[in-house]
Amino acid sequence: MSVTVYVPNDSAAIGIGANATAQAISKMAAERGIPIRVIRNGSRGLFWLEPFVEVVTSEGRIGYGPVEAQDVPSLFDARFLDGGPHRLRIGRPESIPYLAQQERLTFSRVGITDPLSIPDYEAHGGGRGLRVALQAPPADLVEEITKSGLRGRGGAAFPAGIKWKTVMNARAEQKYIVCNADEGDSGTFSDRMILEGDPFVLIEGMVIAGLAVGATEGYIYLRSEYPHAWVILLAAIQKAQDAGYLGSNILGSGRRFELHVRRGAGAYICGEETAMLESLEGKRGMVRPKPPIPALFGLWGRPTLIHNVMTLAAVPVIVDKGGAFYAGFGAGRSRGTLPFQLAGNIKRGGLVEKSFGVTLREMLYDFGGGSASGRPIRAVQVGGPLGAYLPESKFDTSLDYEAFSASGGMVGHGGIVVFDDTVDMARMARYAMEFCAIESCGKCTPCRIGSTRGVEVIDRVIQGRQRTENLTLLRDLCDTLSSASLCAMGGLTPSPVLSALTHFPEDFQRPPALAPGGRASRTIRRH
Amino acid sequence: MDSRLQANTSPTVPGTPDPLATIDSVIVAMRSLPGALLPMLHGIQDVLGHVPGAAVPRLAEALNLSQAEVHGVLSFYHDFRTVPPGRHILRLCRAEACQAMGCDALETHLQKRHGLTFHETATDGSVTLEPVYCMGNCACAPSVMVDGEVRGRVTAGKLDQWVQQWRANAGGNP
Ligand code: FES
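Chains A and B supply the protein sequences, listed in that same order.
For the first sequence, the positions run 1 to 527 when the numbering used here is used.
For the second sequence, the positions run 1 to 174 when the numbering used here is used.
All the given hints hold, so there is nothing to weed out.
Restraint ranges, calculated between C-beta atoms of paired labels, are given here:
{"no.": "1", "chain 1": "A", "residue 1": "Gly-328", "chain 2": "B", "residue 2": "Val-83", "range": "54 to 62 Å"}
{"no.": "2", "chain 1": "B", "residue 1": "Asp-124", "chain 2": "A", "residue 2": "Arg-255", "range": "55 to 63 Å"}
{"no.": "3", "chain 1": "A", "residue 1": "Arg-448", "chain 2": "B", "residue 2": "Ala-156", "range": "30 to 38 Å"}
{"no.": "4", "chain 1": "B", "residue 1": "Asp-147", "chain 2": "A", "residue 2": "Gln-70", "range": "22 to 30 Å"}
{"no.": "5", "chain 1": "B", "residue 1": "Ser-66", "chain 2": "A", "residue 2": "Arg-171", "range": "30 to 38 Å"}
{"no.": "6", "chain 1": "A", "residue 1": "Ser-2", "chain 2": "B", "residue 2": "Gln-161", "range": "36 to 44 Å"}
{"no.": "7", "chain 1": "B", "residue 1": "Ala-156", "chain 2": "A", "residue 2": "Ser-74", "range": "23 to 31 Å"}
{"no.": "8", "chain 1": "B", "residue 1": "Asp-124", "chain 2": "A", "residue 2": "Gly-60", "range": "48 to 56 Å"}
Simulated from the structure, these hints should not be mistaken for lab results.
Bear in mind that the values here come from a model prediction, so they are computed numbers and not experimental data.
Quick reminder that beta carbons are idealized off the backbone N, C-alpha and C, glycines included.
Use the sequences and the hints to build the structure in full.
As structure tokens, then:
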């Protein structure tokens with residue numbers, strides 16, 4: 001009988017050698033005449049252990065990592081196919097504290113199953129939510145989502161149940177479900193990991209949403225920076241179609257749902273829901289003024305339920321186990337779990353799905369193990385490029401929507417980017433303005449012009465020219481941006497800028513000679 | 001699913017496909033898609049490596065848009081190029097997690113050591129350097145994308161290897 005070996009097909013694992021490792025294992029097994037079956041799973045999300053190889057033994061799965069191609073001969077010599085001892089042997093993945101201490105609801109299958117196997121998906125609880133949904137009246141499904149307390153995971157944290165109800169009650173011949181897979185926030189990769197590691201859960205969530213609100217068509221807007229996810233997603237949609245999860249007769253029920261995928265084209269603003277709709281319609285990604293809200297007047301003017309990948313991927317478990325089960329996790333008004341992402345200068349970067357209410361410090365040190373460089377952690381940016389920079393004094397804040405925003409932060413999509421004490425926060429503030437200038441859709445003046453002015457003003461501060469006046473000017477600019485911008489792009493850019501200024505004022509007072517002069521002269525180019 | 005969208009996502013330029021024939025076949029294949037302009041622009045660039053100026057009037061006519069509208073879309077999105085890129089495309093992530101792990105030093109290195117700057121193609125046509133703002137590889141920063149494939153924990157030495165290899169190949173293959 002052949003031994004089953006898992007080697008991740010996650011793009012981050014491939015980026016550090018997983019394909020070479022998989023090939024080396026297959027080749028050596030063939031040379032030694034050992035029958036094996038290599039399955040390319042998603043990543044468990046423990047990136048310091050990638051490429052993380054797992055072998056199915058009589059005692060369950062045994063993990064080894066990080067396994068480079070050059071380690072493969074010695075692994076065979078150590079009889080790793082029987083779980084033999086080796087310096088890279090980690091043991092049972094479930095007993096690694098980083099995994100054992102998580103609460104994986106959305107990520108329950110990622111890294112465990114073959115992402116493109118429906119039988120594997122169903123053997124691990126997949127498809128149950130859809131079967132429940134096919135039997136339930138739409139209003140009951142909306143009720144379960146409301147009861148679960150699920151809120152939009154893309155950043156705005158709007159209660160999902162209210163959106164579902166609005167779209168359900170809207171009268172129209174055609175309604176749409178749109179999945180925002182334009183995960184543009186730097187420091188985030190949970191959407192990518194689901195798309196590559198368990199795409200069926202997203203598909204199932206979208207079909208359930210369609211059944212609930214009366215939409216028969218769905219679109220996934222996927223960012224072009226995820227070419228590997230694109231390939232896997234297309235394959236998954238084909239498999240889902242073949243298995244009857246999609247199409248004109250879902251699991252023999254006579255109900256219908258068609259799913260299409262569109263590629264973005266490298267515009268951060270298309271993560272904003274109305275800009276994304278414009279882009280799906282084939283236009284420039286310009287923000288639309290609201291109202292009208294997309295729930296009533298969305299894609300091609302029809303009622304549209306828009307959610308981020310993480311929101312939709314949470315739907316199957318909620319419908320399967322009930323809203324009360326999901327609401328049993330979390331803190332305050334933030335119910336359920338959030339897949340957090342530890343990134344940047346962190347020793348153990350990866351995916352940590354936890355109930356809301358965990359503290360930033362627990363994330364950084366208990367899970368993350370401190371900085372990768374071994375130097376003190378000085379600043380942390382949570383919630384993407386529009387999130388605030390937080391100093392050590394804020395590390396005990398609870399990661400739930402309300403507590404975190406009360407302390408000046410934003411949980412957003414759960415990305416946690418770590419910087420050690422070599423960071424220059426004036427430069428990070430400049431970058432925030434520069435990013436806004438590059439990515440502004442140009443529709444409103446504060447965002448388009450204000451951000452460019454912001455870069456110039458910070459440059460003068462860095463160069464030591466009339467610092468007091470320019471810092472006052474910078475605060476005024478931030479005021480205008482936050483009060484007069486059309487959307488969150490301009491509205492929230494002041495957040496990283498002002499938090500840098502507030503918490504790290506010394507970085508704006510460095511002697512000009514030490515300021516990074518060369519970079520300050522970079523001109524802004526959209527193309 | 002739109003199987004017509006299953007185009008090659010690698011941005012490398014294969015052979016020398018005929019531009020006009022490519023444009024027309026993409027238009028024919030995707031004409032009935034709702035919101036077809038973006039898929040068509042991607043389809044053309046997937047094959048040709050860029051979207052030539054000749055595509056604009058053809059797309060405008062096919063989709064019943066003005067040329068200005070097509071141009072507006074083409075120029076709005078960072079992904080689309082209107083001039084052919086080098087034989088290889090190196091995209092360096094500039095976003096925060098990669099900055100925390102030293103991507104700025106890599107940018108400086110590419111400039112000082114290899115004369116490569118963002119949005120420019122090396123004079124020998126071997127490589128085009130482009131900025132990218134996150135590829136979801138932030139736990140393995142700093143990150144680059146080499147001809148459509150993500151590479152993590154990139155070092156200056158690794159960049160040197162790639163660039164030197166591309167340059168060497170460029171010698172006999174102008
Ligand atoms: S910030 Fe560079 S890959 Fe995400």
